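Use the sequences and the hints to build the structure in full.
Chains as they are written, first to last, in numbering that gives the first Met the number 0: chain A, 0 to 126; chain B, 0 to 172.
The set of hints was computed from the structure by calculation and includes no laboratory data.
Everything numeric in this text was worked out from a predicted model, so none of it was measured.
Incorrect hints may appear among the rest.
Stated by the list, open to error - Below, in silico cross-link-like pairs of lysine-lysine (BS3-like), each with a Cα-Cα straight-line distance of 25 Å or less:
hint	chain 1	residue 1	chain 2	residue 2
1	B	Lys21	A	Lys46
2	A	Lys46	B	Lys96
3	B	Lys37	B	Lys169
4	B	Lys61	B	Lys96
5	B	Lys37	B	Lys61
6	B	Lys101	B	Lys169
7	A	Lys66	A	Lys46
8	A	Lys46	B	Lys169
9	A	Lys66	B	Lys61
10	B	Lys96	B	Lys108
11	B	Lys96	B	Lys37
12	B	Lys96	A	Lys66
13	A	Lys66	A	Lys33
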Amino acid sequence: MIIKKLFIFFSFIVLSTSAFNQLVYEFEDSLQEKRFYSLISEIRCPKCTSGSIASSDAPVSRDLKNKVYELVLDGSTDQEIKTYVSERFGDFSDYRPSLEGSNYLLWFGPFIFLALMLAIFFIKRRV
Amino acid sequence: MNQLLRFLIVILPVVVLIFFAKILLIDEDIKFSNFDSKNFPEFQLNDLNGDPVQSESLNGIKILNVWASWCITCLVEHPFLTRLSEQNIQIIGLNYKDSDSKANAWLEKHGNPYLFSIYDPRGDLAFDLGVTGAPESYLIINNQVVSHIQGEMNQRKWQSIFLPLIQQAKQGS
Numbered sequence: 000m001i002i003k004k005l006f007i008f009f010s011f012i013v014l015s016t017s018a019f020n021q022l023v024y025e026f027e028d029s030l031q032e033k034r035f036y037s038l039i040s041e042i043r044c045p046k047c048t049s050g051s052i053a054s055s056d057a058p059v060s061r062d063l064k065n066k067v068y069e070l071v072l073d074g075s076t077d078q079e080i081k082t083y084v085s086e087r088f089g090d091f092s093d094y095r096p097s098l099e100g101s102n103y104l105l106w107f108g109p110f111i112f113l114a115l116m117l118a119i120f121f122i123k124r125r126v
Numbered sequence: 000m001n002q003l004l005r006f007l008i009v010i011l012p013v014v015v016l017i018f019f020a021k022i023l024l025i026d027e028d029i030k031f032s033n034f035d036s037k038n039f040p041e042f043q044l045n046d047l048n049g050d051p052v053q054s055e056s057l058n059g060i061k062i063l064n065v066w067a068s069w070c071i072t073c074l075v076e077h078p079f080l081t082r083l084s085e086q087n088i089q090i091i092g093l094n095y096k097d098s099d100s101k102a103n104a105w106l107e108k109h110g111n112p113y114l115f116s117i118y119d120p121r122g123d124l125a126f127d128l129g130v131t132g133a134p135e136s137y138l139i140i141n142n143q144v145v146s147h148i149q150g151e152m153n154q155r156k157w158q159s160i161f162l163p164l165i166q167q168a169k170q171g172s
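Quick look at the structure:
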């Protein structure tokens, strides 16, 4: 009796819709797979406050992941894919801001601040 | 030297404070509405009546409103869009990831402020436009995407984001 109940219980788990929910991406080689997963972790989910499309299940993130998958299989380079996304969703979509314009402050600001703090620290110690 | 240090100790926290205050106080609506204008993406879609949409229909000054029958906020902004259409503002709908029967029933029930609605069941055109969800609105001037409002359209966003650009375009032409 208990075996029968357990069988029914586990059948429900195994056959539940969540088991089929996850899209499975299939790749021609492991390099494509690596590139895909690294790209989706570097593209920001446009619907979320903060988070990559890899971590988001918002409909627009799902569309983006499918598009990135399609482009990776088509042989587009990482830069081409990022440009494709930013043309549609803005520079905001790239988690790795490019080295240009006001982004210099973003990249080097913390180091300038650190240098300034260290300078103050050493000057003060000497005084 | 001591004076310089004292000066820095006071000025540095002030600079940091101003920096973060500025980030916090940026109006999010305006932040996402400003971008370099771009050509309206090419598309081949029908309207909700099944007739093909011509790209010439995007000439002149048009508002493109992304909506769906499943979208609750679209219902919230609907009275405002209706008022705009009564003031002869030309609004085109982009029916997003919906079914045409549900969309047509929705328009029949709540009223239709749109000149016509482009039927985009898979969200292809919406993706090329950079739509993140419904509702969103775009200001299109002569086939150029000029500005963008995410979320509900209301009097405040209309007046601060779209209206100045429309007036500017009217003066220019």
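Here is what the structure says about each hint:
no.	hint	result
1	B:Lys21 x A:Lys46	23 Å, holds
2	A:Lys46 x B:Lys96	16 Å, holds
3	B:Lys37 x B:Lys169	19 Å, holds
4	B:Lys61 x B:Lys96	22 Å, holds
5	B:Lys37 x B:Lys61	15 Å, holds
6	B:Lys101 x B:Lys169	37 Å, violated
7	A:Lys66 x A:Lys46	16 Å, holds
8	A:Lys46 x B:Lys169	33 Å, violated
9	A:Lys66 x B:Lys61	29 Å, violated
10	B:Lys96 x B:Lys108	19 Å, holds
11	B:Lys96 x B:Lys37	24 Å, holds
12	B:Lys96 x A:Lys66	16 Å, holds
13	A:Lys66 x A:Lys33	16 Å, holds
Checked against the numbered hints above, the structure violates hints 6, 8, 9; every other hint is satisfied.
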